[in-house]
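Q: Here is what each chain is made of, one letter per residue.
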Amino acid sequence: DTAVSQTPKYLVTQMGNDKSIKCEQNLGHDTMYWYKQDSKKFLKIMFSYNNKELIINETVPNRFSPKSPDKAHLNLHINSLELGDSAVYFCASSWGLAVSYNEQFFGPGTRLTVL
Amino acid sequence: EDKVVQSPLSLVVHEGDTVTLNCSYEVTNFRSLLWYKQEKKAPTFLFMLTSSGIEKKSGRLSSILDKKELFSILNITATQTGDSAIYLCAVGGWGETSGSRLTFGEGTQLTVNP
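Note that the protein sequences, when read in sequence, are chains F and X. Sequential numbering from 1 applies to the first sequence in this note's numbering. Sequential numbering from 116 applies to the second sequence in this note's numbering.
Just so you know, these hints were derived from the structure itself, not from any lab. Mixed in with the good hints there might be a few duds.
[Unchecked claim] The calculated lysine to aspartate or glutamate pairs, modelled on EDC-like cross-linking and capped at a C-alpha distance of 20 angstroms, are: (1) F:Lys-52 with F:Asp-18; (2) F:Lys-41 with X:Asp-198; (3) X:Lys-155 with F:Asp-38.
Kindly produce the complete structure, drawing on both the sequences and the hints.
A: Right under this line is the structure:
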């Protein structure tokens, strides 16, 4: 199936641990994103990569580090997890910057719970 | 900073009712406005609007954009329980990087009771 996929779907961990979330898209898109959706359901952009290059880096603690090994993959590594990091993290992808429209396709989300 | 405000934040109706969801925005160099439906998992795309006054329609759902007044509405007629979801409005702007940036509103939680 063509889609945006994320692993894992659920992640439960202790404060202070380091964890990674992986994202892959097979839609041929050039641009990928990480969003955080908190308990109030507000979806906020964290990072965006276009052809492996970081183009959006919102005010996010530097404990969060994205990595894009190629344009089909965007991973998110989080160091020293804190309680406030508990949220659902969505990966998304879209066509590149030159294309007229910016419809984004979302992955299923990773629910992170920090205890 | 780009801003999207949705109203109401939550809405409870009975099956068969018609609902109107509102989205107002402020964005630098407007490019498009998008509506998404979020049930239990990922937001799924409904509509993208780029031109004022042109209605987009899909079954019982329709949406229209007013670029002069900076708002959009999403209408759902003859609501069904399966329409229960969070409806998200997002806007994108032109620019070197803002062309790929979407700013989301808080969403409207719609509950349709049988």
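Q: Against this structure, judge whether each hint is valid.
A: Checked hints:
1. Taking the CA atoms of F:Lys-52 and F:Asp-18, the gap is near 23 angstroms; set against the 20 angstroms cutoff, the hint is violated.
2. For the hint linking F:Lys-41 to X:Asp-198, the alpha-carbon distance of about 18 angstroms falls within 20 angstroms, and the restraint holds.
3. This hinted pair checks out: X:Lys-155 and F:Asp-38 have alpha carbons roughly 14 angstroms apart, not beyond 20 angstroms.
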